[in-house]
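First to last, the protein sequences are chains Y and S. With positions in the first sequence counted from 1, the corresponding number in the numbering used here is that position plus 2. Take the second sequence: its position 163, counting from 1, is numbered 160 in the numbering used here, and each next residue is one higher.
What the hints contain is simulated information worked out from the structure, not anything from laboratory work. For clarity, every value in this text was computed on a predicted model and none was experimentally measured. It cannot be assumed that every hint is accurate.
Stated by the list, open to error - Sample of chain Y residues lacking proximity to chain S, with all beta carbon distances greater than 12 Å (derived): (1) Met3; (2) Val106; (3) Gly109; (4) Ala121; (5) Gly125; (6) Asp126; (7) Gln187; (8) Leu250.
What the hints assert, rightly or not - Cut-off 27 Å, straight-line C-alpha distance, at most; resulting in silico cross-link-like pairs (DSSO-like, lysine-lysine): (9) Lys73(Y) - Lys138(S); (10) Lys62(Y) - Lys151(S); (11) Lys56(S) - Lys21(S); (12) Lys79(S) - Lys56(S); (13) Lys228(S) - Lys171(S); (14) Lys151(S) - Lys56(S); (15) Lys62(Y) - Lys8(Y); (16) Lys151(S) - Lys137(Y); (17) Lys21(S) - Lys228(S).
Claimed, not checked - Examples of chain S residues toward chain Y, derived with CB under 8 Å: (18) Tyr28; (19) Glu144; (20) Glu154; (21) Glu222; (22) His224; (23) Phe226.
Built from N, CA and C at the ideal position, the CB exists for glycine as well.
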Amino acid sequence: MNPLLKVENISKYYGSRLGCKDVNFDLYPGEVLGIVGESGSGKSTLLNCLAGHQEPDTGKVVFDTRADGPKDTVTMSEPERRMLSRTDWAFVHQNPRDGLRMGVSAGGNVGERLMAVGARHYGDIRGTAVDWLDKVEIAEDRTDDRPSEFSGGMQQRLQIARNLVTGPRLIFMDEPTGGLDVSVQARLLDLLRGLVRELGLSAIVVTHDLAVVRLLADRLMVMKDGRVIETGLTDQVLDDPQHGYTQLLVSSVLQV
Amino acid sequence: MSTEYNFAYLDEQTKRMIRRALLKGVAIPGYQVPFASREMPMPYGWGTGGVQVTAACLKPDDTLKVIDQGADDTTNAVSIRKFFEKTAAVAVSEKTEESTVIQTRHRIPEQDLTEDQILVYQVPIPEPLRFLEPRETETRKMHALEEYGLMHVKLYEDIARHGRIATSYAYPVKVEGRYVMDPSPIPKFDNPKMEMAALQLFGAGREQRIYAVPPYTKVVSLDFEDHPFEKGGAPQACGLCDAHDAYLDEVIMDDAGTRMFVCSDTDYCRMRREAGHIGEMGVPLAEDAA
Ligand SMILES: Nc1ncnc2c1ncn2[C@@H]1O[C@H](COP(=O)(O)OP(=O)(O)O)[C@@H](O)[C@H]1O
Ligand SMILES: [Mg+2]
């Protein structure tokens, strides 16, 4: 089996400041990779380089495209990359404002990607939007409401529906439960886990919250100061951390 | 002609700059060409973009017509017409068929235009995507990459809220299968007329954009399969000239609130009445003049 995503030597600097350095990994279809580390360790920088939101200084991000097989998304043309990011990729931002159109109804938010790839039948678009809102537990009678009228948890679920409606194969998430109440977090994580399994999605989840990756991730990458310092199966890394920093990270969680 | 002004007010270099933008616009139908808009002796919102385009197109032997909401006698139309009478000494007319350049705000004349005519539109907001995407860097990219899904999101929202596409002015169009364009705030009733024999030029002064639709270019109003574009129009006929196919304005006649629907295109209405058509509330032309 080909990896869905093959990441080679990704580095990114902000001037002289290190964002992330020499990151390598493969992600296989259906696999969920967690990236953990404290604030400032380079998780978001890495994720943005992988998703095409930022251009890395070095390295390749090879994605197994449906049409042409493995292709480096760093060097592919911008139209092609933008097309990928609204069809085969999904991106869930920590702040729903970055991932939603706040002035557009929930149905319009979900329908946008369909219209972007050529859907031109209002009834069909709306029907699909309502189905997806239902899948993320947003009632049909909220279809015409704007996200600004939604709670934080609902906004996050709407972001997920808006992203998954075109049937992507890879979903990037940056602190998807950040800023939510603990009980709301749990519900969102359950939903995410269900969707990822049901749809056979591959996912890369960035978080500083080890509870999130314990629930969602098959494998873990631990980052510190822009570099990956430990990788392994989630249970292995969390139950028997090898690196001193990971041991600190895990124990500080246990103390909470 | 007053000698204090260069022909049509603008200096030759500025007119050349505008003509280059116009040529580029004609070469890429519907594409917004940036241009260095000049200060004009009238406020923005009074059609400074259209005025600059007209100035760059006018020749001494042209006949100019200026309309606002279809009428030649509104303040805005009168002042622009006077401006060019003074600065270019061109012939002016209210008759659509005898004009070679027609500057307009909010309407397309009812009469079919010909290959010998130029229609110049005054445009307040040239960017049709701005409603949902305020970032100019992003909208330019969307045009460049032909990413127009957002335009349909706007129409989707209309239907979700009103049960139908409620946009009735500045109804977005796709030009020659490529660029999505704002037709300026004309009623959607006029959209089908945009596939015409005349050259159409659009000027946005404050926004510093020029765009164009060359003669016989394909202009398609955006819609959904299950909510097709409809141009709409009044169910009644013009009270003065009995036209059934014209865009009508509602006019309050007296203090008792008597209403009447009349052609917004005053020249078209006059022409029909001269040809003997009389509406329900109309009188023969001779009596009207008496
Ligand atoms: N836009 C930026 N400009 C300059 N430095 C940045 C920028 N974004 C992030 N950084 C720096 O890069 C490093 C990694 O940041 P980031 O990727 O946001 O980490 P994380 O998501 O793990 O908190 C930090 O030192 C941060 O200050
Ligand atoms: Mg971050």
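The hints, checked one at a time:
Under the 12 Å C-beta cut-off, the non-interface status given to Met3(Y) relative to chain S holds; the minimum distance is some 33 Å. Residue placement check: Val106(Y) does not keep its beta carbon more than 12 Å from all beta carbons of chain S (closest about 6 Å). Its beta-carbon lying about 6 Å from the closest one in chain S, Gly109(Y) breaks the requirement of being farther than 12 Å from that chain. Not every Cβ of chain S is farther than 12 Å from the Cβ of Ala121(Y); the closest lies at roughly 8 Å, contradicting the non-interface assignment.
The non-interface label for Gly125(Y) is inconsistent with chain S: the shortest C-beta to C-beta separation is roughly 5 Å, within 12 Å. A cut-off of 12 Å between C-beta atoms contradicts the statement that Asp126(Y) is not in contact with chain S; the least separation is 8 Å. Annotated as non-interface, Gln187(Y) keeps its C-beta farther than 12 Å from every C-beta of chain S; the closest such distance is 30 Å. Listed as a non-interface residue, Leu250(Y) keeps its Cβ farther than 12 Å from every Cβ of chain S; the least gap is roughly 42 Å.
The hinted pair formed by Lys73(Y) and Lys138(S) meets the criterion: a straight-line CA distance of about 23 Å does not exceed 27 Å. Restraint check for Lys62(Y) and Lys151(S): not satisfied, since their Cα atoms lie roughly 37 Å apart, outside the 27 Å limit. A hinted pair counts as satisfied when its Cα atoms are at most 27 Å apart, and Lys56(S) with Lys21(S) qualifies at roughly 20 Å. Between Lys79(S) and Lys56(S) the CA atoms are separated by roughly 16 Å; this keeps the pair inside 27 Å, and the hint holds.
For the hint pairing Lys228(S) with Lys171(S), the CA-to-CA distance comes to about 16 Å; that is within 27 Å, so the pair holds. Between Lys151(S) and Lys56(S) the CA atoms are separated by roughly 41 Å; this puts the pair beyond 27 Å, and the hint is violated. Taking the CA atoms of Lys62(Y) and Lys8(Y), the gap is about 8 Å. The hint holds against a cut of 27 Å. For the hint linking Lys151(S) to Lys137(Y), the alpha-carbon distance of about 25 Å falls within 27 Å, and the restraint holds.
For the hint linking Lys21(S) to Lys228(S), the alpha-carbon distance of about 30 Å lies beyond 27 Å, and the restraint is violated. The restraint placing Tyr28(S) at the interface with chain Y is violated, with a minimum CB-CB distance near 17 Å, outside the 8 Å limit. Hint on Glu144(S) holds. Least Cβ distance to chain Y is approximately 7 Å, under the 8 Å limit. Nearest Cβ of chain Y to the Cβ of Glu154(S): about 5 Å, under the 8 Å cut. The hint holds.
Checking Glu222(S) against chain Y by beta carbon gives a least distance of about 5 Å; that is within 8 Å, so the hint holds. The interface hint given for His224(S) is met, as the beta carbon of that residue sits about 5 Å from the closest beta carbon of chain Y, less than 8 Å. Given the 8 Å rule on beta carbons, the hint for Phe226(S) is violated: about 12 Å separates it from the nearest Cβ of chain Y.
Hint compliance for this structure: hints 2, 3, 4, 5, 6, 10, 14, 17, 18 and 23 are not met, and every other hint is.
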